[in-house]
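Visitor: Required output: the full structure, derived from the provided sequences and hints.
Here is how the chains run, residue by residue.
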Amino acid sequence: MKDSSKSIMQSQKLILKRKGLSDTKLLLLITVSLFVILYILSAILFADRNFAKYSVFFNLFNNKAYLLMLALGLTIVMISGSIDISVGGVTGLVSMVIATMLVDSTVSAVWSIPVALAIGIVFGIVQGYLIAYMDIQPFIVTLSGMFFARGMISVINPRSVPITDEMFMCWSSARVYIPFLYNVRRHGTHDVAYLTPAAIVAIIVMIVIIIMCKKTKFGRSLYAIGGNPQSALLMGVNVKRTKFLAHVLCGLLAGIGGLLYTLFAPSGNPGNGYGYEIDAISSSVIGGVMLSGGVGLPIGTFFGVLINALIERVVPLLGIVDASWPRIITSAFLFAFIVLQSVFARGTGRRLTRSRIT
Amino acid sequence: MRFLNIRTGVSIKSGLKTIAKSLASSRLTFSIVILLIVLVQNIITTPTFFKVSITNGLLSGYIPNILDEASELVIVTLGMTLVIAATGGVDISVGAIMAISASFCGLMLNGSEYRTDVFHNPYILALLIGLLGGALCGVFNGFLVSYLKMQPMIATLILFTAGRSIAKQITHGQTIYIMNPVYKYLGVQIPGVPIRTTIIVSTVIIVIMVLVTKLTSLGLYVQSVGINGSPSRLVGLNSRMIKLMAFVICGILSGIAGLVGSSSIGSVNSGELGLSIEMDAILAVALGGNMLGGGKFSIAGSVIGAYTIQAITTTLYAMSVRADQLNVFTAFIIIVIIVASSDVFKDKVQKLTRKVFSKNVSVGG
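Order-wise, the sequence lines are chains A and B.
Sequential numbering from 1 applies to the first sequence in our numbering.
Sequential numbering from 1001 applies to the second sequence in our numbering.
Hints may be right or wrong, so weigh each one.
[To be verified] Just so you have them, the derived chain A footprint on chain B, three or more residues with Cβ under 8 Å:
hint, region
1, 1166 to 1174
2, 1308 to 1316
[Unchecked claim] Counterexamples of contact, computed for chain B against chain A with all Cβ distances above 10 Å:
hint, residue
3, Val1182
4, Thr1203
5, Thr1216
6, Val1356
These aren't lab readings, by the way, just hints derived from the structure by calculation.
The C-beta atom is built at its ideal place from N, Cα and C for all residues, glycine as well.
Guide: Set out below in structure tokens:
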């Protein structure tokens, strides 16, 4: 008797525990704690590299503002159960178009903004139409999009072009210092943490996306069609339109990402944006977005991007100079998280197919 | 004579009709038509197109060249066909696997030297190690897809991006030059044989694949798993194993392509070997009339598709289009083909023709 009541108590406890900590939150918790652990570990290992300083922390984000845009775009399409691997190509294309446009300073740098957004939206609309309304596999469509963008880069300009436009460089090198967040250097000067304009844009866009996913009808429909398109359809969600809009939004974000990348590295280079799609996908996946759709939070992606930035920062400090190692390690992380997701999917059974964002 | 007399007029017409119908419905027609267009275009622009001569003990000319240059693509395409048929997804890591297996082979042959003409290990052993590298990559991809139930493209995306970096680590970040003439046997010519080895290798592999898929049940199993996995499991097929096997075969074939490719230039450059070949291979499979959603496949179709693409590529190169710009054309063609073969598009076309037809009737009536 005692045993059975005990086991009932235990199972009740388990149910309570499960209710309190859904898949989404658990994955987010893993990501956040992973970032914190990695950061503290690197602060201890490389005590001379000032990881404890505010400015170093903010620089992590300053350097990867563009990646946050790409990863948020991927988060949205992945939540809707689709994928977009053309974002790296679009990033490269945008940076090359802007660089070529500004090469002789006859065009105002202000035009780079609408051009970047337009390129992104055009990619989004074409790919979204083919995927949502023509019902073609998203991977093939966006793989073609990636190759198309890569080819267009070298059609436009096969050499690298530095950007010398004054206004653009002014945007690129501007810094917004954050009051009260500083460390005192040995000589007594203040090392104030700062954000670049690109990072501020990225943060604003991220907040908009978080609100959109949580509060708007479109955001809720995203989770619904990613979780189970059939039941979403029965519920009255316009599945095709939602999927289409998700891709357009992803394209737009890739365009913004391209602009921010050009601000970060002001030159047009045929190799720009190569392989960024995997960085963006891995950031999203590490941030707790499930590849099968319907599960994930934009804030998790933010931490995924920070982990990505941290890996890129720490790996050279370990004495590995070769630039290919960060990508191998990121891929290994991606692999580990995919395995983790698979374990989750198996452990929670069918719950995976339903969206649980509580 | 009597036979012909009976079937005059109408029968010839109907015969033509059935031929046209079977041509239109055959999945191979599309690629054959494109191949013919490319060939005709080439014949018009270059009158010496069909000329085959022997220079330096080797068959040379346009056609042997296309056959030679297409060999890597043909071999990769065969593996891709199996993966697409079994899983309905695509292996986009084939180019990276080529680089990895060639790097293994180069490492075995050269040891730690970057440029040498001495083999540090037996040639055959090095080739086998290279193939083993390819097979291991295939096992990795296959494991992710069949046991962890990942979408094939995302599973292979890991090797797609990490693969070249791994290959670079294997060769210590350098291009390896293998100067021993024996190394070029596989990719150029075995002394005394007038045909390029690449052509022989690709032909042998095509024959083996045709025999394996026709004589054993592998082809049937792959098709049934690709069409629908769960009933196949119910009738007792180990669908996981078959998917895994498709990826392993694809890995081994990519490995062979990598060895052939590196052997024909006598060096291992992990950044360049098989770059963006995955796109061409997918395109070849699609051109060959195979369903990209899995299921039925035709080896012959894929092979014809691959040669067609090489013919297009060679023609575009002749029109002084650069290699990196070629991607624009490839992407464009692949989208057109896939849109044309999609169900939605077919439905729309059918509705349109029906509309036009019914209009005609009403006008006539």
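Visitor: Are the hints correct? Go through all of them and say.
Guide: Outcome of the hint check:
Against chain A, the region 1166 to 1174 of chain B contributes 4 residues with a C-beta closer than 8 Å to a partner C-beta. That satisfies the three-residue criterion, and the hint holds. Only when three residues or more bring their CB closer than 8 Å to a CB of chain A does the claim for the region 1308 to 1316 of chain B stand; here the count is 0, and the claim is violated. Every Cβ of chain A is farther than 10 Å from the Cβ of B/Val1182; the closest lies at roughly 31 Å, confirming the non-interface assignment. At roughly 29 Å from the closest C-beta of chain A, the C-beta of B/Thr1203 stays outside 10 Å, upholding its exclusion from the interface.
The beta carbon of B/Thr1216 is kept farther than 10 Å from every beta carbon of chain A, the shortest such distance being approximately 29 Å. At roughly 22 Å, the least C-beta separation between B/Val1356 and chain A is larger than 10 Å, which holds for a residue marked as non-interface.
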